[in-house]
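*Asks:* Starting from the known structure of chain A, fit chain B onto it as the hints suggest.
If you read the sequences in order, they're chains A and B. For the first sequence, the numbering used here assigns the number 1 to the initial residue and increments by one for each residue that follows. For the second sequence, the numbering used here assigns the number 1 to the initial residue and increments by one for each residue that follows.
Simulated from the structure, these hints should not be mistaken for lab results. Hints are not guaranteed to be accurate.
Repeated chains share a single entry, so a pair holds when one copy, or any two copies, can fit it.
[As the list claims (entries may be wrong)] Derived pair list, reagent style DSSO-like, types lysine-lysine, alpha-carbon separation capped at 30 Å: (1) Lys253 / Lys27; (2) Lys13 / Lys230; (3) Lys200 / Lys128; (4) Lys224 / Lys159; (5) Lys70 / Lys84; (6) Lys128 / Lys27; (7) Lys224 / Lys27; (8) Lys224 / Lys271.
Number of protein chains: 2
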Amino acid sequence: MTAQQLFNQIQKKQSFLCIGLDVDLNKIPQHLLQEEDPIFSFNKAIIDATHHLAVAYKPNTAFYEAYGLKGWQALEKTIAYINKNHPEIFTIADAKRGDIGNTSRMYAKAFLEDLEFDSVTVAPYMGKDSVEPFLEFENKFAIMLALTSNVGAFDFQVKKVEDMELYKQVLETSKTWQHADRLMYVVGATKAEYLTEIRKLVPDSFLLVPGVGAQGGSLQEVCKYGMNSKVGLLINSSRGVIYASNNEDFAEKAQQEAQKLQAEMAEILSK
Amino acid sequence: MTAQQLFNQIQKKQSFLCIGLDVDLNKIPQHLLQEEDPIFSFNKAIIDATHHLAVAYKPNTAFYEAYGLKGWQALEKTIAYINKNHPEIFTIADAKRGDIGNTSRMYAKAFLEDLEFDSVTVAPYMGKDSVEPFLEFENKFAIMLALTSNVGAFDFQVKKVEDMELYKQVLETSKTWQHADRLMYVVGATKAEYLTEIRKLVPDSFLLVPGVGAQGGSLQEVCKYGMNSKVGLLINSSRGVIYASNNEDFAEKAQQEAQKLQAEMAEILSK
Chain A
1 MTAQQLFNQI QKKQSFLCIG LDVDLNKIPQ HLLQEEDPIF SFNKAIIDAT
51 HHLAVAYKPN TAFYEAYGLK GWQALEKTIA YINKNHPEIF TIADAKRGDI
101 GNTSRMYAKA FLEDLEFDSV TVAPYMGKDS VEPFLEFENK FAIMLALTSN
151 VGAFDFQVKK VEDMELYKQV LETSKTWQHA DRLMYVVGAT KAEYLTEIRK
201 LVPDSFLLVP GVGAQGGSLQ EVCKYGMNSK VGLLINSSRG VIYASNNEDF
251 AEKAQQEAQK LQAEMAEILS K
Chain B
1 MTAQQLFNQI QKKQSFLCIG LDVDLNKIPQ HLLQEEDPIF SFNKAIIDAT
51 HHLAVAYKPN TAFYEAYGLK GWQALEKTIA YINKNHPEIF TIADAKRGDI
101 GNTSRMYAKA FLEDLEFDSV TVAPYMGKDS VEPFLEFENK FAIMLALTSN
151 VGAFDFQVKK VEDMELYKQV LETSKTWQHA DRLMYVVGAT KAEYLTEIRK
201 LVPDSFLLVP GVGAQGGSLQ EVCKYGMNSK VGLLINSSRG VIYASNNEDF
251 AEKAQQEAQK LQAEMAEILS K
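Chain A extracted, bound-state conformation (with noise of 0.2 Å):
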């Protein structure tokens, strides 16, 4: 998919929601565990209720590796049933993987190729040509972190480099790797009041924003700062949607809460 046809969906459907898919078989509702592939049948159930209202879907990687055999057959179902089901969907494996250069692009290639994800998370701090291999891919996409939602993002990533701050040496940096218009960027959205300072090292790149909701950030103040012209942001919620119920309706409330969500965008896109 190109950013473009990704911006198109945006307009389409009023939503620049993704829907982060981190199965834990806790969390949901306990009647599925009867069925053959819980964590499919659970994903197929969140995304038959919610295609419309997201143009993106992003399986965390950790939590299909944690069921061993049985998670990395799930999710490949899972992509292969949102790829033939829904082309139109922006796909992330939220992998955050970065090798030395020959290992990386084993990675990308389980991912971009195998999986047929139109994007995979990266981690900067192996430098370029860790990410490099990640970028070889035509109209695919690396999402690399810079500004993470977690705690742990003010131990390294806000510190002082060479009188930059870390995330920002990691944006400018990148800017001059090889296919560099095939990066997007991790944004945290509980960071929102730095998204001024990052639109102006990367003015047009998509920025994929985690932590609205549960981790408590604000989709308003995110937008505020983080839109440009194309929109140039998907908004993850992972577990404010699919864990909206753990009963027999959590489908259904899963719908509702992504109905809410992108009813908000679409007044923020009508503005």
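*Replies:* Chain B alone, transformed into the frame defined by chain A:
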């Protein structure tokens, strides 16, 4: 496994060799492709041939995820095989994970609890709450990226952060985290000259050192600057050992390469 037990193994085997099990189906002997599980067959042969010469094995998860379900299954079989037949071996899941707290906890469960690795490599960018979940397991370790062996290490890791290079900030800060005694660190062999400074900050920690061999690092240099009274080093070789030959004699040739490294280590230890 405790750090003392690891040291005991190093003394017993006169080796601090870690062998990286980075299986690429394009590089293994082609007759193995007839087997039911070529990846596991390759690993088993390498392990059988080298377990008396190495104290650690390190599968890099990228190489397994690249083969999807079959890859994940081969990883499960490999770690189970090592744990059953060679429980004295220190095992490292080279996964370079790191995410917000509840997500890192899922990764920690996957690698340290379910797969029963002794350790997992982690990335520091997201800070304290992204790493601490990996430190909650008794007699298990998180091995954090400090100064990596690749060119990209110069992008951020050696940049001055508040008058101290980022990798030093990472080392210094991590010492304040809960259960910091369960941390080890990745320091590339290609950065041997930095080891004097690193040892000032983490004198007692084990360092996992990739980059000897294919990447050009020197074992002698690493030992000269990085060894402490309990050795404190695990020297990794992946391609140099496991791809010594891609004919039917591959295990024998891998053994010979491991033997050379072990002999060099024994000589260093005898001094």
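*Asks:* All hints, please: hold or fail.
*Replies:* Against the structure, the hints come out as follows:
Proximity of Lys253 to Lys27 under the C-alpha cut-off of 30 Å is restricted to the intra-copy arrangement: shortest distance 14 Å within a copy versus 50 Å between copies. In the homo-oligomer, the alpha carbons of Lys13 and Lys230 lie at most 30 Å apart inside one protomer (14 Å), although the nearest pairing across protomers, at 62 Å, exceeds that limit. When the C-alpha separation of Lys200 and Lys128 is checked against a cutoff of 30 Å, the pair qualifies both within a copy, at 21 Å, and between copies, at 28 Å. For the homomeric pair Lys224 and Lys159, the shortest alpha-carbon distance inside one copy (25 Å) is at most 30 Å, but the shortest distance between copies (32 Å) is not.
For the homomeric pair Lys70 and Lys84, the shortest alpha-carbon distances inside one copy (21 Å) and between copies (23 Å) are both at most 30 Å. With identical chains, the CA atoms of Lys128 and Lys27 are at most 30 Å apart between copies only, with a shortest distance of 26 Å across copies and 38 Å within one. Taking identical chains as interchangeable, the C-alpha atoms of Lys224 and Lys27 are never at most 30 Å apart, the minima being 33 Å within one chain and 52 Å between chains. In this assembly of identical chains, Lys224 and Lys271 lie within 30 Å of each other by CA distance solely inside one copy; the values are 11 Å within and 65 Å between copies.
Of the numbered hints stated above, the single one contradicted by the structure is hint 7.
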